[in-house]
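If you want the building blocks of each chain, they are given just below.
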Amino acid sequence: MTGVRWGLWIIVGVTAGLFGLFAYQLTQPKDEFVESAMVGKQMPDFDLPAASATRPGLATGDLADGTPKLLNVFASWCIPCAAEAPYLEELERNGAQIVAVAIRDKPEDVDRFLTIYGNPFTRIGRDDISEVQLSIGSSGVPETFVIDGKGRITHQHIGDIRAEHVPMLLRELKEAGA
Amino acid sequence: MKKLISLIMAVSLLTPLPVTAQDTMPPAPLAYQQLDDPAQEAEARDLMHTLRCLKCQSQSIADSDAPMAGDMRHQVRSRILAGEEPEAIRAWLVERYGDYVSYTPTVSSTTWPLFAIPVLLLAICGFVFASRMRRRS
Amino acid sequence: MIAEIGLIALWLSAALAALQLLGAVAGVRDDKSDIAALVRPAASLQALLCAIAFVALLWVFAITDLSVKLVASNSHSLKPMIFKLSGAWGNHEGSMLLWITVMAVAGGAIALLERRLPEKTMMATLGAQAFVGLGFYAFLLLSSNPFERLVETPIEGNGLNPLLQDIGLAFHPPTLYIGYVGLSVAFSFAVGALLTKQVTPEFARVMRPWVLAAWIFLTIGITAGSYWAYYELGWGGWWFWDPVENASLMPWLAATALLHSASVLAARDALRTWTIMLGVIAFSMSMLGTFLVRSGILTSVHAFAVDPERGSFILGLLILYIGGALAVFALRANTVAEGKRFALLSREGALVVNNIALSAILGIVLLGTLYPLLTEAFDVRVSVGPPYFNPVGAIFFLPMLLVMMVGPLLRWRMDSPGRIQLPVMIALGAGFATLVLVFLFADVTILPWLGLGLSIAVGIASFMPMRGRSLRRAPLSTWGMCVAHFGVAVALFGMSADSAFQQERLVAADVGDVVEVGPWTATLDAVAPVAGPNWTAMQANIRVRHGDGRDRPAKPQSRSFWSPAQETSEVALVTRWNGQLYVAVGNQAPDGRWQLRLWWKPFVTFIWYGGLLIAFGGALSLVGRLATDLRRREAVRKGNERRQDMAELHA
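Residue numbers (the working numbering), protein chains in the order written: chain A, 1 to 178; chain B, 1001 to 1137; chain C, 2001 to 2651.
In case anyone wonders, no lab produced these hints; they're calculated from the structure.
A hint or two may mislead.
As the list claims (entries may be wrong) - Just so you have them, the derived chain A footprint on chain B, three or more residues with Cβ under 8 Å:
1. 1065-1074
2. 1090-1103
Stated by the list, open to error - Cross-link-like lysine-lysine pairs, in silico, DSSO-like; alpha carbons within 27 Å at most:
3. B:Lys-1055 / A:Lys-106
4. A:Lys-150 / A:Lys-174
5. B:Lys-1055 / A:Lys-41
6. A:Lys-174 / A:Lys-106
7. C:Lys-2069 / C:Lys-2120
8. A:Lys-41 / A:Lys-174
Built from N, CA and C at the ideal position, the CB exists for glycine as well.
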């Protein structure tokens, strides 16, 4: 009988633990974002051609020129990317240097997008097969990375930038510059 | 089955399935193209079946039409073609996305119970069986 | 009006469930009590009322009564009738009503038919059934009312997701639900027997057919769901160890273990507490599965839309019922003697191994499914998938199969190795030969290799219990066991053969190109657009030929639905006795070529044939046992009559 009682207590314990876990998880907001594990690490090596006639392409060397930058991962076919365009411009007006990688995009589409929604970028790399996106651990568009002057990733913002994110990203940039 | 139930859920919860905007780019060269060497292709396939599609609901990149899954397949195949070891490719992805990207949990500080508990279960099974048998009159 | 009738019927059944519970409580105290006499009628009437409520829901869906909120948000006047009806359960509220209905009908059936157990035990059982039912009535009526009216009637409904408009899908959920909820009977019997300290062989015999019936539906449901995923997802996979799949597998594992332990209890009066425990666990797994799916804590994609209130409600029910059952168990476990001991080499010894292994597999599936949830609480995200479940599950599954070969051959109580030596040797020999042949002529990874050998061995061994018996006179339930075990071997063979010998070809093909995959030659003749009622598609017209055989058509489509906008891949399956050719067409490349995906999957169909054989074996067994029961009842009746006649004669 002691065997049965022991087994029973184990089952009761496990069940109670599970219920606790479920209750806890029910109260937690569920985010489906996959965070990059590259935050805090050096940008990997890459050299992308220009995605638009209006701006040069983007290579690793461009990200280690001493000035911290925002790296915006976007695409002309992505609706939230259009939604965040005004806030990227606001960031640029506040002195942020923004470079971009266009994912799976044709130059003419990128050009049209930039004409409509504005072009706050200094450089735009063309990533047709999501190579750079994969190598920095980004899992969707839009995402925005903060890169310090030495080419190290210091912060990742997933999803479109909204008004409330602007001061936060400026602060991250400032910290990256320090 | 999974898709079925998630569909029922999607419908029951009055949520349209997420309509993602489609890009117009052709898939990456090796997304839908097998490697010529069957041995290399087999290596790539085995690896792809154990990598998670980050944009899908629990599917491996080998089971998905998502463009990002296609790009990941291209990465895997092109790296295999370049002579990289499958486990090195997995490590490369884990370095970027964490353990989440790999369906094969490795023993680590966060996953050891996944391996300890089955061993414990095995021990308990053996113990229960032995004790029930020995106590026979 | 119809909707109101449904709602009233539902409230009345809830009231009857309350009455049933009260009566049962009185009945357990004193089975002569007046109110206890109401328990069985209450249960039967409840079944009737729930059926009326369910028919009312079907009715409002059939006539597309858009003033009912559920209809407006899930249906559309221009759908085919069959999908209007299936729309009734293709949503949360409707499926919960189906849940309640199955539960009430099962409870009513026990109340009407089951007279073999002591009345007090039956009272406790029906009381438990009513108690569990009440929680779900509360859930349905308070938070998920399916008959809610809209203030303003919309002109048209929202429609049903086009992908749900599939004939297989229409009947898949009810099948699974009957299985899930049918297990509530096992739960109630277990609680009833425990409360009244009547854990007897008779209890096991009474419970067994009910569990068997639920288990048959569960088996069919899982098999059909797997086939659906296989042809609908477009990449040839048939099991992904996805949380939602696991949620359906766990009750099945528990129910399978329960069926086997119940036969030990029925035949040998052993494994009493264990059987009770499994009865509780089986239905707990059904509820857990429902919780995981409905609360959305595991499936992240749709999580944002999930009502946390519903999740909390179901969690509350889980805690109440599982916690309650465990409490009863803790209080009463000591009063139930464990029953007889037995020898290693005996039927019950083998069944104990089966139970331990199935429970361990259940534990592993549970662990692997919930582990990501656990680490998420610590902000670590991990994925557990096939590379974990397959080998770890196999550690317990493969030895279990070995025992499955031997078990049915053994006698109860004790047996000698000599008696079963020959049949076991034949089966093992065949299995070993298979292993050697596969090893010599094919390059196969270890798990499929072992699976192939074991499936042959188990397949042969499964009919060995018939050796030396008159095939006609062997009981139907023995045939059922043999067929079900054979089904396991067939399914395992299909799984192993598919993993071991599958051939894959992914190509970009021009019209006129010839593609070879395994023994097949496929010619792409044309790609042309076709239009359906609510979709358009590009259809590839492909001629396929096996070896030198005749040409057969394969017409896969890449479909675009427009409401809601969604793309699906409609695969073409060309079936031979020894496997299937699986053809899917993807997008057009910029150079005009079409993406074709072809798989030659040897013996893949055996997976589902096996599943159906398992269910068929269960059905044979069920019919056999019911027939035996009827005969026994008849004999008892005749015996009584004769005794009465004798008594009269003497008088």
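Against the structure, the hints come out as follows:
1. With 5 residues carrying a beta carbon less than 8 Å from a beta carbon of chain A, the stretch 1065-1074 of chain B meets the three-residue requirement, and the given coverage holds.
2. Against chain A, the stretch 1090-1103 of chain B contributes 8 residues with a C-beta closer than 8 Å to a partner C-beta. That satisfies the three-residue criterion, and the hint holds.
3. Between Lys-1055 of chain B and Lys-106 of chain A the alpha-carbon distance is near 22 Å, which keeps this suggested pair within the 27 Å criterion.
4. Taking the CA atoms of Lys-150 of chain A and Lys-174 of chain A, the gap is about 14 Å. The hint holds against a cut of 27 Å.
5. Pair hint Lys-1055 of chain B plus Lys-41 of chain A holds up; C-alpha atoms about 24 Å apart against a cutoff of 27 Å.
6. Using a Cα cut-off of 27 Å, the hinted pair Lys-174 of chain A and Lys-106 of chain A is violated, with the two alpha carbons roughly 33 Å apart.
7. For a cut-off of 27 Å, the pair hint linking Lys-2069 of chain C to Lys-2120 of chain C is broken: about 44 Å separates their Cα positions.
8. At most 27 Å may separate the alpha-carbon atoms for a hinted pair to count; Lys-41 of chain A and Lys-174 of chain A meet this at roughly 18 Å.
Comparing the model with each earlier hint shows violations of hints 6, 7; every other hint is respected.
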